[in-house]
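Numbering (UniProt numbering), first residue to last: 1 to 239.
Since the hints were made in silico from the structure, they are not lab data. Because the structure is a prediction, the values reported are computed rather than measured. For each residue, glycine too, the CB sits at the ideal point set by N, CA and C. Careful, some of the hints might be misleading.
[Claimed, not checked] Here are the computed distance ranges between Cβ atoms for each label pair:
{"hint": "1", "residue 1": "172", "residue 2": "204", "range": "28 to 36 Å"}
{"hint": "2", "residue 1": "224", "residue 2": "139", "range": "18 to 26 Å"}
{"hint": "3", "residue 1": "162", "residue 2": "220", "range": "13 to 21 Å"}
{"hint": "4", "residue 1": "171", "residue 2": "145", "range": "20 to 28 Å"}
{"hint": "5", "residue 1": "48", "residue 2": "140", "range": "35 to 43 Å"}
{"hint": "6", "residue 1": "220", "residue 2": "81", "range": "36 to 44 Å"}
{"hint": "7", "residue 1": "173", "residue 2": "70", "range": "31 to 39 Å"}
{"hint": "8", "residue 1": "50", "residue 2": "98", "range": "34 to 42 Å"}
{"hint": "9", "residue 1": "139", "residue 2": "78", "range": "38 to 46 Å"}
[As the list claims (entries may be wrong)] Pairs of lysine-lysine residues, derived as DSS-like cross-links and limited to a Cα-Cα distance of at most 27 Å, are as follows:
{"hint": "10", "residue 1": "233", "residue 2": "195"}
{"hint": "11", "residue 1": "129", "residue 2": "119"}
{"hint": "12", "residue 1": "195", "residue 2": "154"}
{"hint": "13", "residue 1": "154", "residue 2": "188"}
{"hint": "14", "residue 1": "195", "residue 2": "173"}
{"hint": "15", "residue 1": "154", "residue 2": "210"}
{"hint": "16", "residue 1": "188", "residue 2": "175"}
{"hint": "17", "residue 1": "188", "residue 2": "119"}
{"hint": "18", "residue 1": "214", "residue 2": "129"}
{"hint": "19", "residue 1": "74", "residue 2": "103"}
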Amino acid sequence: MKNRRTFIKNGLGLAAGIAIAKVSHGSSLLGADKSYAFQFQQETLSYAFNALEPAIDAQTMQIHYERHYGTYVKTANEALTAEAASVKDAASLFANIDKYSAKLRNNAGGAYNHAMFWKSLRAPQADNKPTGTLAAAIDRDFGGLAQFKEAFAKAATQQFGSGWAWLVLDAGKLKIGGTPNQDNPLMKGVAVQGKPLLGLDVWEHAYYLKYQNKRPDYVASFWSIVNWDQVQKHFDNKK
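Please work from the sequences and hints to get the whole structure.
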């Protein structure tokens with residue numbers, strides 16, 4: 001009888017121990033999930049879909065924002081959760097992007113790149129150009145605004161297939177380059193690396209309804225809608 005009571009007692013203790021272990025393990029997982037809490041937020045446009053006309057038409061903007069960009073954000077967040085990506089922000093994700101899937105790379109890039117793109121645009125300006133310290137840096141590193149635009153347009157038009165053209169700040173110097181697909185200069189191993197200041201989407205969905213295959217025309221019209229105040233903010237925040 002005594003042996004039976006000891007057996008039951010030990011059995012109950014073992015079961016309780018297993019239960020506690022399961023609860024503790026579950027709690028640790030929940031705690032870990034909190035460290036994976038970074039998610040992309042869909043950037044709210046500060047202007048109407050037709051505000052960028054004639055440079056970018058309203059239909060293109062609506063499709064681009066709601067369907068393409070919306071899908072990137074949704075799919076990136078699904079991948080972040082599925083892959084338990086332990087990152088605090090987009091920059092730390094991109095710094096280690098080779099650890100994750102192509103699905104996360106492409107969609108996280110799409111979410112980040114587009115959020116920056118929307119902020120870099122505003123209604124067309126007649127004499128739209130940078131000023132202040134940014135203008136001075138462009139003069140220093142490219143020889144003037146005209147030379148900068150020429151180099152940027154070259155990167156945009158010569159980017160094979162889908163991708164982006166970028167102005168970046170790298171070790172205190174402005175540089176221009178292109179990335180394929182939804183890659184960006186914060187990702188390890190891309191051709192142009194640095195802090196993104198300005199990006200131009202040269203995927204066909206960004207311009208084809210209006211410009212068809214005339215990418216150079218799309219690039220030329222881009223200068224009238226660049227939000228140089230926003231680019232200046234990126235430049236001033238040199239972190």
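Checked hints:
no.: 1; hint: 172 x 204: 28 to 36 Å; result: holds (35 Å)
no.: 2; hint: 224 x 139: 18 to 26 Å; result: holds (21 Å)
no.: 3; hint: 162 x 220: 13 to 21 Å; result: holds (20 Å)
no.: 4; hint: 171 x 145: 20 to 28 Å; result: holds (22 Å)
no.: 5; hint: 48 x 140: 35 to 43 Å; result: holds (37 Å)
no.: 6; hint: 220 x 81: 36 to 44 Å; result: holds (41 Å)
no.: 7; hint: 173 x 70: 31 to 39 Å; result: holds (36 Å)
no.: 8; hint: 50 x 98: 34 to 42 Å; result: holds (40 Å)
no.: 9; hint: 139 x 78: 38 to 46 Å; result: holds (45 Å)
no.: 10; hint: 233 x 195; result: holds (12 Å)
no.: 11; hint: 129 x 119; result: holds (16 Å)
no.: 12; hint: 195 x 154; result: holds (20 Å)
no.: 13; hint: 154 x 188; result: holds (23 Å)
no.: 14; hint: 195 x 173; result: holds (10 Å)
no.: 15; hint: 154 x 210; result: holds (21 Å)
no.: 16; hint: 188 x 175; result: holds (17 Å)
no.: 17; hint: 188 x 119; result: holds (24 Å)
no.: 18; hint: 214 x 129; result: holds (24 Å)
no.: 19; hint: 74 x 103; result: holds (12 Å)
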